[in-house]
Amino acid sequence: MAVTEAKYLIFLVVSIIRSAEAALVEMWTVYYRQGLAIISDYKERIFSWYRFVMGPDTENNGDSVASKLFGTLNGFMRKFLFRILSVGPVPNHLAFILDGNRRYAKKWKLQEGTGHKCGFWALMSILKYCNELGVKYVTIYAFSIDNFKRRPNEVQYVMDLMHEKIEGLLKEESIMNQYGVRVYFIGNLKLLPERVRVVAEKAMKATENNKNTVLLICVAYTSTDEIVHAAQESCQHEWDEIQAMKASESNDGGEIISNENQEEHRFINLVDLEKYFYMGVAPDVDILFRTSGETRLSNFLLWQTSTCLLYSPRALFPELGLRHLVWSVLNFQRVYPYLERRRKQV
Amino acid sequence: MPSLQLSLSISPLTDPTLSPQPKPQSLLLVPHTPLRPKHLLCCLFATAKNAIIVEDQNAVVNGRVGADTGVPAEEDLLLPAGLQKEFMPKHVAVIMDGNRRWARMRGLPVVLGYEAGIRALRRVMGLCCKWGIIRVLTVFAFSSDNWFRPKVEVDFLMRLFGRGLKDELENFVRKNIRISVIGDSSKLPKPLQELIMAATETTKNNSGLHLIVAVNYSGQRDIVQACQSIALKAKDGLIEPEDINEFLIEQELDTRCAAFPHPDLLIRTSGELRVSNFLLWQLAYTELFFTQSHWPEFGESEFLEALHSFQQRQRRYGGKNT
Chain A
1 MAVTEAKYLI FLVVSIIRSA EAALVEMWTV YYRQGLAIIS DYKERIFSWY RFVMGPDTEN
61 NGDSVASKLF GTLNGFMRKF LFRILSVGPV PNHLAFILDG NRRYAKKWKL QEGTGHKCGF
121 WALMSILKYC NELGVKYVTI YAFSIDNFKR RPNEVQYVMD LMHEKIEGLL KEESIMNQYG
181 VRVYFIGNLK LLPERVRVVA EKAMKATENN KNTVLLICVA YTSTDEIVHA AQESCQHEWD
241 EIQAMKASES NDGGEIISNE NQEEHRFINL VDLEKYFYMG VAPDVDILFR TSGETRLSNF
301 LLWQTSTCLL YSPRALFPEL GLRHLVWSVL NFQRVYPYLE RRRKQV
Chain B
347 MPSLQLSLSI SPLTDPTLSP QPKPQSLLLV PHTPLRPKHL LCCLFATAKN AIIVEDQNAV
407 VNGRVGADTG VPAEEDLLLP AGLQKEFMPK HVAVIMDGNR RWARMRGLPV VLGYEAGIRA
467 LRRVMGLCCK WGIIRVLTVF AFSSDNWFRP KVEVDFLMRL FGRGLKDELE NFVRKNIRIS
527 VIGDSSKLPK PLQELIMAAT ETTKNNSGLH LIVAVNYSGQ RDIVQACQSI ALKAKDGLIE
587 PEDINEFLIE QELDTRCAAF PHPDLLIRTS GELRVSNFLL WQLAYTELFF TQSHWPEFGE
647 SEFLEALHSF QQRQRRYGGK NT
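Heads up: the sequence lines are chains A and B, in that order. Each residue of the first sequence is one higher than the one before, counting from 1 in my numbering. Each residue of the second sequence is one higher than the one before, counting from 347 in my numbering.
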């Protein structure tokens, strides 16, 4: 008897779910597609679950009912997952090398520059996850000084994309301020085209009062260039100090010159160098991601990643998702006690 | 005890996404044939404008001089199957991690783990000499962070280095291996410092494998001392602060003694996925390879796996893959 009742109950639940599904599909076809078509010359009018979930037109943000529902459910499950992860130590600074955009475009037979656009959307979702997880600093390797060696039209495309996205960011200033995101553009900005540099500096100024999250975008950056720049600056600084000292000594009488010679072995030290790094605004990196399976640093944050976890998933950057982030955080939590002990000893 | 293992070494035989061995766009072009004038002209015309030609001088391997100008003869290079000569790394760096864990896993005292590590190092050196193409081998023996290990262990390690240097010195001379030690040697015990100086002096002119041992080495400290020497030069008026560039800094780093200062391949054993303050500047474009096996177990098969993986990588240096 109980078995029959259970079967009846299951049947009831399943039929409710199926009718809800049918109702949603009906609603979608009537209100969003003006009718259901199995075969059509207009590919967008043919029903597909993918379009049902993601919405008809992601560029214009036409959210579908299902996508809103799934979005809420997903967000809820994600928050739950992040709460579990936060029981252990959460990384403070994540760095990403955005590798694999062009290979993604080739793999899916997209147009030449579309891979970078897909990468941008993947980046937005990663930033959202980092924000929800509580990661304070996120650094991305957007453009290296070595990338200027690429074909001129590709470089131009990336510069235009950057200009467009930074201007979009300036327009959405309210969202950035709402999430409290502060943006830095790290690197030798003098190498960028004028309009990109101007708009980057405007973006940095516009978000300078935000304190929640810090987003560091490395453009025209290589780590060796950063170290050279720091060496130049600290040399220049010491040089100026010595000139000033000499000037004041010549007024006083010149007894202090011997002391200065004794001090020359402490001319520059680690703290001085670190003060002049472009990345001096952020602490050391906790996890470095390099997508597309390549395991090399490519002249990115060589100094700051000396003791951090290196993670290289096989996925190309536009395919990077929540599971990679979660897996890397779990690995970070595994090695964290050992690294903390060593840091305290040193 | 089960632990979370993350294996990231690229398996060359089953990876379909990487295209097979394209011609690498390397900045250093080392010809394998003797540099006669017409070859030199061909090289000059054929290479890109940024290539630098390095002449292979006095290549005496195992006491035998090659037929023409001293390059190792073909039959001396016993390269295993599957490896291509043109894509072999010139400089391999190794972080010898996992000696203590290996010993603990077998219930042995930690000192036996270190001794097994030395044997593994001898194996790898022998392989490099046999193949003849790897010209520089850098090993991370002791980091400046390792002083915080128990004093007994640290003292044993220092004695082990000293004993290793003394025992192996005549082997180095015989096999034409040159040894250099990088790092801050002032904190090491005095007898060890003298041994190091003697070994370095004796093998200074050897032209076979160049073994660089990093003892009390820290990548950050290396860069800082390079900047300090440059700053002193600037203070003395030899250079202007604006003239400081990457080339100048490389001239002052500890690895300036090597013919190929930048490693092509870095191998780290025992599954840890980090660089641990080793050769920071020089690792800018190095391919990293992480393996799960511990250092005492590292032998020919693991080395071959690392080299296979290296040969599969596409090194683009930021440019476009042609």
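In case anyone wonders, no lab produced these hints; they're calculated from the structure. Beta carbons are placed, not taken as given, at the ideal position from N, Cα and C, and that holds for glycine. The reader is advised that the hints may include incorrect statements.
[What the hints assert, rightly or not] So the derived label-pair ranges between C-beta atoms look like this:
(1) B:Q638 - A:Y336: 17 to 23 angstroms
(2) B:K497 - A:K211: 43 to 49 angstroms
(3) A:I242 - B:T546: 55 to 61 angstroms
(4) B:E643 - A:P89: 48 to 54 angstroms
(5) A:K275 - B:K497: 34 to 40 angstroms
(6) B:R469 - A:D146: 34 to 40 angstroms
(7) B:T546 - A:A247: 41 to 47 angstroms
(8) A:A206 - B:K550: 55 to 61 angstroms
To see whether the hints hold, each was checked on the structure:
Distance hint for Q638 of chain B and Y336 of chain A: a CB-CB separation of about 20 angstroms, consistent with the stated range 17 to 23 angstroms. Distance hint check for K497 of chain B and K211 of chain A: the Cβ-Cβ separation is about 45 angstroms, which falls inside the suggested range of 43 to 49 angstroms. Under the hint 55 to 61 angstroms, the C-beta atoms of I242 of chain A and T546 of chain B, about 36 angstroms apart, miss the expected range. Range check, E643 of chain B to P89 of chain A: Cβ separation about 31 angstroms, and the 48 to 54 angstroms hint is violated.
At roughly 35 angstroms, the beta-carbon separation of K275 of chain A and K497 of chain B lies within the given 34 to 40 angstroms, and the hint holds. Checking the proposed 34 to 40 angstroms range against R469 of chain B and D146 of chain A shows it holds: the Cβ atoms sit about 37 angstroms from each other. At roughly 45 angstroms, the beta carbons of T546 of chain B and A247 of chain A sit within the given window of 41 to 47 angstroms. For A206 of chain A and K550 of chain B, the hinted distance range of 55 to 61 angstroms is satisfied, since their beta carbons lie about 59 angstroms from each other.
Comparing the model with each numbered hint stated earlier shows that hints 3, 4 do not hold.
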